[in-house]
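Novice: Sequence:
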Amino acid sequence: MRLLIDQNLPRRLASLLETHGHDVAHTEDVGLATTADPQILSWCCTQDRMLVTADKKLTKFLAASSADCPSVLITREMRTTPTEQIAAILVANLPQIEQIITEHGNAVFSLAPNKPIRAELLPLGVPNKTT
Numbered sequence: 001m002r003l004l005i006d007q008n009l010p011r012r013l014a015s016l017l018e019t020h021g022h023d024v025a026h027t028e029d030v031g032l033a034t035t036a037d038p039q040i041l042s043w044c045c046t047q048d049r050m051l052v053t054a055d056k057k058l059t060k061f062l063a064a065s066s067a068d069c070p071s072v073l074i075t076r077e078m079r080t081t082p083t084e085q086i087a088a089i090l091v092a093n094l095p096q097i098e099q100i101i102t103e104h105g106n107a108v109f110s111l112a113p114n115k116p117i118r119a120e121l122l123p124l125g126v127p128n129k130t131t
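The numbering of the sequence shown is UniProt numbering, which starts it at 1 and goes up by one.
Worth flagging that the hints you see were computed from the coordinates, not collected in a lab.
No false leads were mixed into what you were given.
25 Å max Cα-Cα, derived BS3-like pairs, lysine-lysine:
#1 Lys60 x Lys115
#2 Lys115 x Lys56
#3 Lys115 x Lys57
Working from the sequences, and respecting the hints, build out all of it.
Specialist: Right under this line is the structure:
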């Protein structure tokens, strides 16, 4: 998958995911470290990348804008989780996430340790929940 790791997650996460065959960039590596969320989301759309973030506020922006792009993966309850463990959780769940995107389109995904993936299709607010 093509991913952009947000500035609120460790830069090392990008390199760990790359070792599993994913095309990953970190906001610091592409000049977006201090960029506002709307521009980061727009960049992800044009680059066909899913944003991986710990920022739950992005769902409010996506809902208000009725955006249908990009997919966003929000990591929850992982603030003290070691980077290697975050990478392992993502690697284990990315195939299911990719399948949902392929079958249903872009979505906001919520992922927490030892919990199933939650997904809400974009645009948010439309009654079409998948999992």
